[in-house]
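Please put together the full structure from these sequences, using the hints given.
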Amino acid sequence: MAGHSKWANIQHRKGRQDEKRGAAFSRLAKELSVAAKLGGGDPSFNPRLRLAIEKAKSVNMPKDKIENAIKKGTGELEGVDYLEARYEGYGPGGAAVMVDCLTDNKTRTVAEVRHAFSKHGGNLGTDGCVAFQFKHCGQLVFAPVTDEAKLMDAAIEAGAEDVLTNDDGSIEVITAAADFLAVKEALAAAGFKAEYAEVTMKPLNETELSGEDAVKMQKLLDALEDLDDVQEVYTTAVMDGA
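Just so you know, numbering that gives the first Met the number 0 puts 159 at position 160 of the sequence shown, and the rest follows in order with no gaps.
Keep in mind the hints are simulated off the structure, nothing from the lab.
Note that the Cβ used here is the ideal one computed from N, Cα and C, for glycine as well.
One thing to keep in mind: the hints can contain errors.
[What the hints assert, rightly or not] Straight-line distance between alpha carbons at most 27 Å, and here's what the computed BS3-like set of lysine-lysine pairs gives:
no.: 1; residue 1: K218; residue 2: K118
no.: 2; residue 1: K215; residue 2: K134
no.: 3; residue 1: K149; residue 2: K201
[Said to hold, decoys possible] Label pairs and their calculated CB-CB ranges:
no.: 4; residue 1: P46; residue 2: G168; range: 25 to 33 Å
no.: 5; residue 1: G190; residue 2: E211; range: 37 to 45 Å
no.: 6; residue 1: R85; residue 2: D221; range: 15 to 23 Å
no.: 7; residue 1: G168; residue 2: S117; range: 35 to 43 Å
no.: 8; residue 1: S43; residue 2: N104; range: 29 to 37 Å
no.: 9; residue 1: E53; residue 2: R85; range: 16 to 24 Å
no.: 10; residue 1: D227; residue 2: S117; range: 16 to 24 Å
no.: 11; residue 1: H135; residue 2: T106; range: 22 to 30 Å
no.: 12; residue 1: V79; residue 2: H135; range: 21 to 29 Å
no.: 13; residue 1: G127; residue 2: D221; range: 19 to 27 Å
no.: 14; residue 1: K149; residue 2: G38; range: 33 to 41 Å
no.: 15; residue 1: G39; residue 2: D152; range: 31 to 39 Å
no.: 16; residue 1: R85; residue 2: G210; range: 26 to 34 Å
no.: 17; residue 1: S117; residue 2: D146; range: 43 to 51 Å
Set out below in structure tokens:
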């Protein structure tokens, strides 16, 4: 991949998340409820819930909101019954896009997602049309100033699958999805704090976009992320200058 794009894209995404703190609380509340509904309210025995709680704490979501969302999932409090839905398609420049949603109305959600794709130069595809281009895994990205050798030693000892150094100097640690929290905690204990850390759908190959295609793709991603039912948006696109 080229130059600064990886780090620039990570920083842009972090900025977008900070701008949308209120929306983040709403999305995390949904995820907490669904995780608790599917696996129970004890994070010690529910990895998905434990991860959701970690994410909620990372954006300073109030403790009472976290607890109430979990109680809605376990049935202790009345709540909405959310369904999981994934939509796949292509954006400008042929880049793959995958959209994960939690919704109480799939008809509404698919209409909104389809509209966002069509309005911004993309096309909503069929189930499975781009999923093969992504890997479900844990991803931790560290700043370019990080000591590569020390991080690599710590990551290997913690059980990471791979350590990748990007052209811009940023370093990625890749884990199995199930090992993500353990590796993250081990690296933090060793003094390494990731700038970005998620269980994600990592693109196996990236589509570099520039100029008008990059502008259109960013508008598509922003439009999708602004939809109330959307939890996560994944793409193979890497935009120069993002």
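query = Is the straight-line distance between the alpha-carbon of K215 and that of K134 27 Å or less?
reply = holds (25 Å)
ask   = Within 35 to 43 Å or not, the Cβ separation of G168 and S117?
value = holds (38 Å)
query = For the pair G39 and D152, does the Cβ-Cβ distance stay inside 31 to 39 Å?
reply = Holds - the Cβ-Cβ distance for G39 and D152, about 37 Å, lies within 31 to 39 Å.
ask   = Could one say that the CB atoms of E53 and R85 fall in the range 16 to 24 Å?
value = Distance hint for E53, R85 holds at roughly 22 Å.
query = Okay, R85 versus D221 on CB: inside 15 to 23 Å?
reply = holds (20 Å)
query = Would you say the C-beta atoms of H135 and T106 sit inside 22 to 30 Å of each other?
reply = With a Cβ separation near 27 Å, H135 and T106 satisfy 22 to 30 Å, so the hint holds.
request  = Given the range 16 to 24 Å, decide if the beta-carbon distance of D227 to S117 lies inside it.
outcome  = With a Cβ separation near 19 Å, D227 and S117 satisfy 16 to 24 Å, so the hint holds.
task = Starting from K149, check that the Cα of K201 is at most 27 Å away, please.
result = holds (24 Å)
Whether the CB-CB distance between G127 and D221 falls inside 19 to 27 Å = holds (25 Å)
task = Using the Cβ atoms, figure out if R85 sits within 26 to 34 Å of G210.
result = Roughly 30 Å apart at Cβ, these two residues keep to the hinted range, so it holds.
message = Just to be sure I understand the hint, the distance between the Cβ atoms of S117 and D146 should be within 43 to 51 Å; is that true here?
response = With a Cβ separation near 47 Å, S117 and D146 satisfy 43 to 51 Å, so the hint holds.
request  = May I ask you to test the hint 37 to 45 Å on the CB atoms belonging to G190 and E211?
outcome  = For E211 against G190, whose Cβ atoms are near 43 Å apart, the range 37 to 45 Å holds.
Hint compliance for this structure: every hint is met.
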